[in-house]
Amino acid sequence: MTRHVELRGGAYYDSVSLMQVSRTVRGTPGVSDAMIGMGTDLNVGMIRDLEFEVPAGVGPNDLVVALRADDEASMAAGLAALEEALAALKAAGRQATGAGGAVAPPRTMRAAADEANLAFVSVPGDHAFAEAMDAVEAGLSVMLFSDNVPVAQEVALKTAAAERDVLVMGPDCGTAVVSGVALGFANRVQRGSVGLVAASGTGAQQVMCLLDAAGVGMSHCLGVGGRDLSAAVGGRSTRQALAGLDADPETTSIIVVSKPADPTVLAELHEVVAGLATPVYWATLGAGRPDLTEAVEAVLHAQGMPEPAWAQWPAAAEAPAVVSTGSTAVASQAERFLRGIFVGGTLADEAMIVAGERLGPIRSNIPLAPELGLPSGMVSEGHTIVDMGDDEMTRGRPHPMIDPTLRLERIAAEAADPSCGVLLLDLVLGYGSHPDPAEELAGAIRGAIGVAAAAGRRLPVVVALVGVEGDPQGLTACAEALSQAGADVYLSNAAATRRAVELLDVR
Amino acid sequence: MLPVLRPEAVQLPTAVRIGDAGPWPVRPGDPVRVDAAGIALGRWLITPVRSWRPPRVVPAPGLAAATAAAALSAAWPGTGEMLAGVDAAPADLRDPRVLRLEPELTPAARRGLYAAALRVVAGVERPAALLGLGPGLTPSGDDVVAGLLLGLRLLGREARMRGLAADASDSLAATTDLSGSLVMAAAQGYAAPPVVELLNALGVAAQVGLLRRNVDAVLAVGHSSGADVLTGIHAALAASAEAQVFQSNRAKESR
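Heads up: the sequence lines are chains A and B, in that order.
Going by our numbering, the letters in the first sequence line up with residues 1 to 507, in that order.
Going by our numbering, the letters in the second sequence line up with residues 1001 to 1255, in that order.
These are calculated hints, taken from the structure and not from any lab test.
Backbone N, C-alpha and C fix where the C-beta goes; we use that ideal spot for every residue, glycine too.
There's no promise every hint is true.
Simulated restraints on C-beta separations [unchecked claim]: (1) R1212/B to R397/A: 35 to 43 Å; (2) E51/A to E1125/B: 24 to 32 Å; (3) E1125/B to D71/A: 36 to 44 Å; (4) R1212/B to G59/A: 38 to 46 Å; (5) L50/A to D1167/B: 24 to 32 Å; (6) V1034/B to G59/A: 39 to 47 Å; (7) E469/A to S1051/B: 22 to 30 Å; (8) R1212/B to A112/A: 36 to 44 Å.
Build out the structure end to end from the sequences listed, making use of the hints.
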């Protein structure tokens, strides 16, 4: 039988921790007793009652450890168990990284910069500049998810980023894929050798999904923010992203995706591209330019690959019988218009360009020309395509790709409008999007068709479905749900738009 | 004694609270300086500002102790076990298993603490019987004494409270410095905010449903501190009550 008593100063533990430690130590084979506690008179008295010799001079602020063991070896094992248990308590304290833990979580971009080379900023737009600038100055590239950031701040950020040779993706950059990691809204596309520079989130998603369907994978998709190719911003981030992809050994070809861009900026970028070693293709929307699907087909053609037949799922539901209302005159063909309700801004732009070629000017909250703007209240007038994800619509509320409520309300309103001749919708799948968007949209489509039928009208619905089979929501499952609801579904937004125009014409 | 606390620590009424400023820049034994400039901890200089005012127990002299004890019993499920002294013997607090906090002994230890608290408030025993009892940095016995002082203050038994506080003050060397400073704070009516909130709720005869929330918050203080303080508060109320049931309990416990 051997005994061991020691005093430890500066060791502070709560009762339950000490109980656990003494239980662990008592569990060591050969250890018959272990008492661990602060050296208060009462505690020391108890320990002495158990025939331990506690040194004189022990004070209440000392930790007293008293062990009894069968032999020296067991005592050594018991003491080792004690050290281990106390060390585990300390480690648990150190690992606590919550508020006030021993390892405090970084609270500023600058503090986090040691461990990262990319910052994701998603604070409200009014506060985004400070965070993003902090990151840039710390040498980080920034994905700036926030919208409602003033253009002057964007220019300042991107100028600072160019000086430090980092990239600012955004503001209002919803989509990026960096080295196979999806940031924001992105599809689970296969990895490969095509790099994207995208001044457009849903446009990039459309291009990536079409390429994926054709069997072509992505190296990176670098978003640059929807305004990057405007005259004010001058393509600052696009230049950085092009240089970065050109230097990337994984990337063997580059596609620049954009909503309608400033012609001067585009011309300048063409010069930049001429100096790159990697071939660059353009999917920049504009009147008389190829749509996104045609741009992807051109890339595939240039690489000697066949153009696939883009997937489509025709409406599977019987259109409900149209109620003859007799007295209500059904609007004549001339009074029936295309109504597009989009969540993707670039998809809306593309639809306006493609449909505009046949239908003439289209009104919108993001009009191709200023005079085509919708009146306040955003009520549809003639051929109209609205972008429910525009800044104006999303201030203080989630993007409709996350919360579809506003769009579903608008679909119901359009269905009740006798001048609505065809509904054109988009649905974007992938990370970040609503986990089961097709079910709600299918319900709204059924409702819209039913409302129109009850009013004596047939209302065709066409959906552009942007996604890949690997997406969490499942491409085919979503397409079938929409088709069952009565919609014609297309993987290509341009094809969906053409179908909608055709349905309007043949009425 | 000047506790300097991180945000997640129990809000001690005597403490300076800091934000999460990274790992402590000092280790046990390092010298620190407290003067007009602030608290110098290694490379930190903490300049205190008043950002909160610790709540204080408001005496409610008209409060019927029996009613308050009954309300606390109803709101604290642990009361039944603690008062089961008729059938189950309280542990001898000098049993080393109390120091080890052995689970099978915990209900008996709770009864032992309660019995000792009743003896202390009745003047049969001195606070020294409890101060320093228990293994941790704030020994259970100290929390019980703090509960007694707070409970007596609530009932307006100022003289008894002051006598007990003076006794405790003489025995402070029996416990850890931190814990002793908290016992003295309790004599002034200060404790962790949930404890004070419960007492003030008892003082205004809050409904049992509301008290239950207060009790839960107290039980969340520390690992066993909350229950220990409740033990002391209950003992103060019960010992002060006229009701026969508590008198007879006390007689049994005090044997």
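Now for the hints, and whether the structure bears them out:
no. : hint                          : in the structure
1   : R1212/B to R397/A: 35 to 43 Å : holds (38 Å)
2   : E51/A to E1125/B: 24 to 32 Å  : holds (26 Å)
3   : E1125/B to D71/A: 36 to 44 Å  : holds (42 Å)
4   : R1212/B to G59/A: 38 to 46 Å  : holds (40 Å)
5   : L50/A to D1167/B: 24 to 32 Å  : holds (29 Å)
6   : V1034/B to G59/A: 39 to 47 Å  : violated (21 Å)
7   : E469/A to S1051/B: 22 to 30 Å : violated (56 Å)
8   : R1212/B to A112/A: 36 to 44 Å : holds (42 Å)
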